[in-house]
Amino acid sequence: MKMWKRVLSGSLIVALALTTAACSGSKDAGGSSESGKKVTLTLLSHYNGSNEAALKPYIDKWNQENPNIQVKMTPVDFGELLKTIMTKQSAGQVADIMHVYTLWGGQLAKNNVLAEAPQSVADDVTQNYPEAAVKGASLNGKVFGYPTEVEAYGLFYNKKLLKEAGYDEPPKTWDELLEMSRKIEKKDANGKVLVQGFGFQRGYAGLVVQPFMAMMASAGSGLLSDDLAKSNLDSDAGRKTMEFYSKVYGKNGITDIAFNTTKGFGAGQVGMTIGAGWWDGSLKTLMKDAYTDVGEAPMPTPDGGAGGTLAYTWAYGVNSKSKHQEEAWKFLQWMNAQADDSGMTPEGQFLLDAFNVISSRKTDLSSAKVQEKLQSSPSAKLFSDALNNALDEQSPAAGTEAQDILYKQIESMWTDQIQMDAALNNAHTQINTKLGEK
Amino acid sequence: MRRFKFKRETLLAYSFLSPVLLFYLIFLMIPVVFSVLISFTDWGGFDFASMKWVGLKNYRTIFSSQSSFLNPIMTNTFVFAFGGVAISFIAALIISYLISRMRYEGLWRTLFFMPAVTTVVAIGNVWYYMYNPTNGLINGIITSLGFRSINFLDDPNHALLSITAVSGWMGIGSAVLLLSAGLKGIPNDYYEAAELEGAGHLRQYTKITFPLLKPTILFVLITSFIGGLQSFTLTMVMAKSGGPGNSTNVGALEMYNQAFSFGNWGVASAMAIILFFVIFIITMAQLLIFRKGGVESY
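Residue numbers (the UniProt record's numbering), protein chains in the order written: chain A, 1 to 438; chain B, 1 to 298.
Hints in this document: simulated from the structure, not taken from any laboratory. Careful: at least some of the hints might be erroneous.
[Unchecked claim] Non-contacting residues of chain A with respect to chain B, defined by C-beta distances greater than 12 Å in every case (computed):
id	residue
1	S90
2	N111
3	K142
4	K163
5	G203
6	K263
7	K323
8	L374
9	A402
10	K434
[Claimed, not checked] Examples of chain A residues lying across from chain B (beta carbon under 7 Å, computed):
id	residue
11	Q107
12	A109
13	T262
14	K369
15	E372
16	E401
17	S412
This structure is a prediction, so every number in the text was calculated from the model and none was measured. In this text, a Cβ means the ideal position worked out from N, Cα and C, and glycines have one as well.
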């Protein structure tokens with residue numbers, strides 16, 4: 001027995017020692033951080049493919065101007081980014097700079113992944129960004145980095161399909177939306193959807209739950225209480241939103257869940273859906289000439305009155321375990337705060353070029369290029385204005401888990417595994433339990 | 001003198017074994033012990049300083065009425081593993097017997113083995129598109145015959161079975177390879193003698209082939225079943241997070257999500273320990289059943 005105890009405790013000590021050793025240091029790819037010596041910073045972000053290509057010229061420019069502080073991008077697909085951050089951190093291969101979705105903020109804060117921003121950065125962020133963006137880039141009231149994409153949700157519609165069904169304007173209320181959808185929807189003799197009136201995009205939790213939160217915000221409430229201690233799904237807004245969701249797919253739904261709304265909208269086969277501002281840029285590239293059919297409108301509300309929406313934020317932060325934090329902040333200040341001759345920051349230009357998204361930074365907003373864009377692009381103006389009455393996406397430590405719970409209950413309801421009331425109650429109870437645990 | 005010689009031989013043996021033992025210790029024993037330890041803690045996977053001892057809390061969470069781990073997740077895991085093994089094993093038993101009596105046996109074996117050397121992600125994606133309700137190949141055939149299309153992956157009544165069918169199809173190749181090798185080990189004399197005695201094909205199969213193939217069958221069943229219980233890649237590719245709802249979610253996928261998506265390493269480790277015991281008990285039961293049937297070699 002004693003021998004066994006010794007073996008067990010020995011194994012544990014070796015295990016801890018090995019793992020601690022593995023986690024203790026960051027990957028020092030490019031040399032030391034001492035001044036004058038070349039340092040290579042790793043930047044982990046979800047910008048891959050064409051977005052990576054759009055960001056690269058700015059990174060290359062920095063690398064040319066700063067031979068001693070080189071930045072190396074590591075693009076990761078959005079769905080895998082949090083998992084990549086977590087596995088790399090656990091394995092000791094920490095990235096110096098991380099582009100994080102602020103829903104993960106609570107989880108990352110709990111595990112001390114992100115470093116606190118220096119005072120100069122914190123002051124710059126609080127003075128130059130709107131409140132929703134500052135909140136998004138803060139953890140426990142302390143700024144951890146620069147907000148980048150601050151995206152609001154709105155209604156995307158196909159003008160041509162609405163016109164064919166006899167509508168000149170997008171819906172203002174949820175009831176109008178459902179009524180119009182029924183008229184736009186077309187099916188063949190076998191019941192196969194040819195044109196979808198309205199559909200929610202599906203595939204992963206965020207794609208389903210964020211529009212839910214946007215609709216709940218348009219009905220007057222956030223998903224969670226302000227202190228992030230409990231779910232608001234039992235509120236009037238929560239019930240109304242779940243009721244609306246139950247009318248879209250399932251036995252009594254207006255359309256078929258199997259129809260791919262995301263692809264269908266790009267192919268001009270969907271009348272209306274809910275999406276974030278960045279999607280406009282993707283649709284423009286995808287639909288080419290047919291893009292002229294795309295229209296965007298504020299989120300419909302239950303009664304047609306002025307309502308809110310949801311804004312989610314991405315932000316650049318520096319790893320608390322990075323050995324080159326000073327250099328990383330230098331790069332981030334250049335990227336996010338240093339305007340060129342046009343009055344725009346590199347980040348502001350990148351957002352505009354890659355996504356047709358207006359940067360939320362005040363100096364970018366006042367630049368001539370952005371002002372011109374706001375005049376010429378109704379879409380950019382709509383989503384930029386929407387930020388003024390948007391609720392920020394709340395990020396408790398159990399934020400990802402809470403969204404997953406709601407997602408699974410909605411999907412179970414949509415596929416007739418449970419009724420609307422059960423979906424609402426299960427989600428409410430389970431989210432409250434998770435929030436209580438963390 | 002003799003004792004000294006024995007010690008030297010033992011030392012020599014251990015020194016030859018030491019690389020393997022060290023490998024086993026570092027890459028198997030330490031992670032296993034570490035997993036057991038983590039299962040009693042609340043840990044986000046990053047910072048050892050934030051690790052908090054919580055005793056049996058993670059196990060209580062898993063077995064609580066609100067948890068979906070036992071039902072539907074573990075139920076799905078069993079359906080997936082049993083179903084996949086049943087499809088691949090029965091198909092492989094027939095195919096291996098048939099191709100062992102055909103010309104170009106090697107070619108057939110290669111063809112059936114191809115899915116086993118293709119990545120799961122590629123297979124999952126190909127089947128995902130084949131199952132597509134609007135423009136997938138399978139639904140194209142169904143609708144061309146005048147039937148309504150089937151929501152293979154969006155209908156909770158079909159989703160798990162649809163993925164299980166792919167898993168079974170994927171497993172046929174490896175099982176065929178092993179069973180073919182087992183068939184080759186059966187001396188032809190037995191069949192000749194049986195034929196002379198007037199035994200038909202069915203009798204030869206039930207009285208000669210099947211009994212002599214039992215050790216191989218046991219190996220195929222145990223390894224396939226363990227693989228099925230641990231599998232999650234195919235589900236992740238075809239049903240993302242195990243949806244709709246939790247209708248295709250399996251134990252290993254839930255563990256992966258708990259650890260890497262939600263930062264609940266304690267809960268994920270506790271689930272892994274539970275799954276380990278489940279696999280252990282089932283493997284023991286399989287061994288026992290086969291021993292009663294006369295297989296003593298395992």
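Cross-check of the supplied hints:
| no. | hint | verdict |
| --- | --- | --- |
| 1 | S90 | violated, 5 Å |
| 2 | N111 | violated, 4 Å |
| 3 | K142 | holds, 18 Å |
| 4 | K163 | holds, 25 Å |
| 5 | G203 | violated, 6 Å |
| 6 | K263 | violated, 9 Å |
| 7 | K323 | holds, 17 Å |
| 8 | L374 | holds, 37 Å |
| 9 | A402 | violated, 10 Å |
| 10 | K434 | violated, 9 Å |
| 11 | Q107 | holds, 5 Å |
| 12 | A109 | violated, 10 Å |
| 13 | T262 | violated, 13 Å |
| 14 | K369 | violated, 39 Å |
| 15 | E372 | violated, 41 Å |
| 16 | E401 | holds, 4 Å |
| 17 | S412 | holds, 3 Å |
The structure fails to meet hints 1, 2, 5, 6, 9, 10, 12, 13, 14, 15 from the earlier list, while all remaining hints are met.
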